[in-house]
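Given two chains presented individually in distinct reference frames, assemble the corresponding complex, making use of the accompanying hints.
Residues per chain, in single letters:
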Amino acid sequence: MPQNVFEPWNDPAAKPLIRFQNVTKRFGDFTAVDDLSIDIYEREFFALLGPSGCGKTTMMRMLAGFETPTSGTIWLDGQDISPIPPNKRSVNMMFQSYALFPHLTVYDNIAFGLKRSNMPKDQIDARVKEMLRLVQIERFGSRKPEQISGGQRQRVALARALAKAPKLLLLDEPLSALDKKLRQDTQFELMDIQEKTGTTFVVVTHDQEEAMTVASRVAVMDQGKLKQVDTPGQIYEAPNSIYVADFIGEVNIIEGNATAQGNTVSIVWAEGQPDIIGTPSKPISNGKVSFAIRPEKIAITADKPADRHNAVQGRVLDIAYLGNVSTYHVELPGGMIIKAQAANSRRRDSRPFTWDDEVWLSWTDTAGIVLDR
Amino acid sequence: MRRLTWFNATSLTLGFAFLYIPMLVVIIYSFNESRLVTVWGGFSTKWYGELLQNEAFLDAAWVTFKVGFASSIFATILGTMGAYVLVRGGRFYGRTLFSGMMYAPLVMPEVITGLSLLLLFISIGLDRGMFTIILAHATFSMCYVSVVVSSRLVSFDRSVEEAALDLGCTPFEAFRLVTLPIIAPAVISGWLLALTLSLDDLVIASFVAGPSATTLPIKVFSSIRLGVSPEINALSTIMIAIVTIGTITASITTKRAVLRRKHEQQMAEQTT
Chain A
1 MPQNVFEPWN DPAAKPLIRF QNVTKRFGDF TAVDDLSIDI YEREFFALLG PSGCGKTTMM
61 RMLAGFETPT SGTIWLDGQD ISPIPPNKRS VNMMFQSYAL FPHLTVYDNI AFGLKRSNMP
121 KDQIDARVKE MLRLVQIERF GSRKPEQISG GQRQRVALAR ALAKAPKLLL LDEPLSALDK
181 KLRQDTQFEL MDIQEKTGTT FVVVTHDQEE AMTVASRVAV MDQGKLKQVD TPGQIYEAPN
241 SIYVADFIGE VNIIEGNATA QGNTVSIVWA EGQPDIIGTP SKPISNGKVS FAIRPEKIAI
301 TADKPADRHN AVQGRVLDIA YLGNVSTYHV ELPGGMIIKA QAANSRRRDS RPFTWDDEVW
361 LSWTDTAGIV LDR
Chain B
1001 MRRLTWFNAT SLTLGFAFLY IPMLVVIIYS FNESRLVTVW GGFSTKWYGE LLQNEAFLDA
1061 AWVTFKVGFA SSIFATILGT MGAYVLVRGG RFYGRTLFSG MMYAPLVMPE VITGLSLLLL
1121 FISIGLDRGM FTIILAHATF SMCYVSVVVS SRLVSFDRSV EEAALDLGCT PFEAFRLVTL
1181 PIIAPAVISG WLLALTLSLD DLVIASFVAG PSATTLPIKV FSSIRLGVSP EINALSTIMI
1241 AIVTIGTITA SITTKRAVLR RKHEQQMAEQ TT
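Residue numbers (this note's numbering), protein chains in the order written: chain A, 1 to 373; chain B, 1001 to 1272.
Hints in this document: simulated from the structure, not taken from any laboratory.
Each hint should be verified, as a subset may be incorrect.
[Stated by the list, open to error] Interface residues of chain B toward chain A, partial, derived using beta-carbon atoms under 8 Å:
| hint | residue |
| --- | --- |
| 1 | 1165 |
| 2 | 1168 |
| 3 | 1170 |
| 4 | 1257 |
| 5 | 1258 |
| 6 | 1261 |
Every residue gets a Cβ at the ideal spot worked out from N, C-alpha and C, and that includes glycine.
One chain only, chain B, in its complex shape (with noise of 0.2 Å):
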């Protein structure tokens, strides 16, 4: 191994600290006795506990669950069917107006995009809960999965399909026997970019939001218009571990995955 020189060392630390002394200052503090966020008093649990008891805390978490796991459903179906299509369907009158258009909320103004939704919802007179969220959340997440699925689609070679189909599978049996399970990974990931972030949108969700469904980052942010609390602190120390457990644990099993095909390459040039 090489020794780090004196100038990478510098820029690591500095880039870390940069990134993450923000997170850990949560973290001591969300463990803190005292009331006052910034003055130290010991060292408590009582700040979970309290946020457990907290009804409204709790109900826009389960709010927010409920609209992250709906809408990023809604939306890998959908992102999945236009990747497909914009992917596969030959060329077709203004397919290259379709796919930037699919692409454009990717880099609209959240601002806008909550506005116009906003006055859609409105217009055609839909009262404003959890279901707009839903359906807003679908809407401007399903161009990410898109993305991603698309770039898996472009990358597998067509002949799998093809010989799916000469192999006696109709159309749709091809995309489910074949495709699909090729492009899982895709999918998923897709999925998972969906559900973060419709678990963090704040912008979008306060416009379309009703009296009758408030989401954790509109709770959080309102809330902190009257003063940080440290049950906010625990709040987020609960959401940086949990974030956490998820990256390793996806990254673990990367790395398995890699290592068990190289192995399994490995074998078969062995036995030849």
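Isolated chain A (complex conformation) (with noise of 0.2 Å):
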């Protein structure tokens, strides 16, 4: 392993920021976190990831005390939170809503923490200015926060969080409120001033994009449980279940019943059909498996190639023009739909194939999933 490369869950020896232990959270018959373990290393940006109900906000809300664990443990820096209240923990928390002060100018409202503090006061407008430079709202300092965009709100909210400079900072979906392009360029801001001040951050969102392009980790949950806990591309490239395979892009998945062949396996899972080689990435047992492919590793040709395995014949029933891409709806002879992606290399109508045509859809042996079921 290279040394400069930023992985402190690979290193046995480092010790987390912050490390969950059998928490688990239940209002009345609801149960919010499940025995949930985890751990989160300093100066990781950490994506907790999940839809709706599935307990995310619960655990960031838990992280700042506003609510106790029902049993289990939550450990900062060596330190149990749970008996001390939100305004002793060095910890600092964005709002979805921002919750702005309405009545404070952006100035105060990034100085009410400080003044909160203990800080001498020349200090304290050294820190606002340095916050309000960081963000870049400088010109806004003496605006109520009604008075600024969507955007600047954010920054501003940000700024405020960031002012005491917390052990930890959580970002309740951060991003929510702003449009689309807005959106990712402050994404990458928000990797920039990490980077920049060195904070941990955890991140609650349901945008898989969002979590896809800020985080060093991303934990993907689900009832209260987690489901896996790894970087970006190993959660894209080798999701550990169907959930999460499901959950985070597109996916094709082939239910069939596997035989090990050394280091493949062969997947009979049509009638009529070639069996699917496939690469397991640890050894599984024989019987019933779930192929998982995505679309952009299935080629689409007019023939069927030479130099793969894995091609199945099929007609175009559909096609979705993304612009940069296309994603070609293929129905197999017995009636299963294959998603199959082609980027548009070419402008215009120089398209290869259009509705009803026969074509080939290949993979190569590693381009799939195979998966326990």
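Dropping the structure here:
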């Protein structure tokens, strides 16, 4: 492993900044977080990703101190934080609604937390100005929150949360209120600011693109449990379950019966169709498996490719033109529909296939993911 | 601008006439020279002069003002606290019962409120006077404050308070530095409402007032039983004037604030 790569989670000597130890949180009969353990390291940009109601917001609120775990322990920097009230924690939060104080100016909003600490007056002023500079809103210091735009409010909220230099910054759906273009720009700025300040960020989001872009690691959650915790690349290319594969990006899932053949498996999946050859990442037992393959890993050609074992013929049912790529919905003889994606490298009407064309879909032996069922 | 139809013009005229002719009559007759209330004897301001000489009226006005001021402040503090607990206190045992009980005095007949307070004061041996009126007024007007304040509390973003806690405030600091400034307009209107109710109240005050303290409404009501004097017309006119000025000032201030906000928001959109 190269030394300069930031991967504390692979280093057994690294001490986590945050440790959830068998944390459970119940609201009446509803279990929001279910016996969950996780380590988050210093300087990480960690994303909690999941559909609404999966418990990600509850986890964040427990870190901030607005909820206490029903059972289990949360450690921050080696300290059990359960008995510490929110105002005594070195954790700050950026709220989804931004929660700016409407009666205070931008400057006073950012200074608010500093004034609650013992910081001398002149240092407060310097710190606030530094924050205004960091998020590039120096010009708006004397304005009230309602006198600035949504994107600027988002920056104020970030600056206010960062002003006290917390050990941990929590971001609750930080970009959901911005429009798409601004959101993309802001994602990169957020990463930049995280790197500059060296703060540990934990971001809660339901937007998989946002999580993939900003995070060093992503935790995919469902119904109060962690499904997978890994780097964005691993989550996308090597999901450990159908749920994760399906939640992140698009995927074709083919059910079948596997027989191991050395490093590869041969999957019988439909009558009259050749077996699929797949390469599982870890040895799997013979029997029922799911074969998951991303649309962009499937090549679409007019003739049967000679060099690939995995090839099926079908008929183009539908084409979704997205500008940069087109997604072809191809119906196989058995009625199954496979999505294949091709980059539109040429302009205009010179795209090779159209509705009802007979095409071949093919992929390499390592393109798909073989998952136990 | 659309012109008024014949029908709309008529209903408008009738409506306003219904509302304002009685007051207009009072105002006009307050400038009547004659001692007889219903006979016009020429223009004069002498009843205003006599009113200012009338110690009983001035005393009553002063008592009313003191009672109104003290009871409305009392009611505002209690009502705001009650609203805060009921809206923010989370689910505690008997909360529905409490919020129901908070609002019950709004629909309770005043006679019953007055009577029950009177019985209470007698049974605990409290001498009736200004203090008992203040207590009684605070009791019934705090519900109104509570209604006004809680509707504001319900509508404002809870996470603003959480942000204050998150940034190092104790719960009390969060209330003082963040919640209170945000709900201040509602607290002030609640206070004004309590003040108005107290200045206006006749029924409850007449139950709990003692010989040592008489409020203006009681004084007016009892002197009318001896015949309407032009002094009362003058007094009414002064009160109408105060209310009118107050209302107009308030509406102009609000309108200006709205305009300014609109303007600022436009500016914000332009700078992006």
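Against the structure, the hints:
1. A least Cβ separation of about 5 Å between residue 1165(B) and chain A falls short of the 8 Å threshold, and the interface hint therefore holds.
2. Taking 8 Å as the C-beta cut-off, the interface hint given for residue 1168(B) holds, the closest approach to chain A being about 3 Å.
3. A least Cβ separation of about 6 Å between residue 1170(B) and chain A falls short of the 8 Å threshold, and the interface hint therefore holds.
4. Restraint check, residue 1257(B) versus chain A: the minimum CB separation of about 12 Å is more than 8 Å; hint violated.
5. Below 8 Å, beta-carbon pairs count as interface contacts, and residue 1258(B) has none with chain A, the closest being about 12 Å; its hint is therefore violated.
6. Hint status for residue 1261(B) relative to chain A: holds, with the closest Cβ pair at about 7 Å, below 8 Å.
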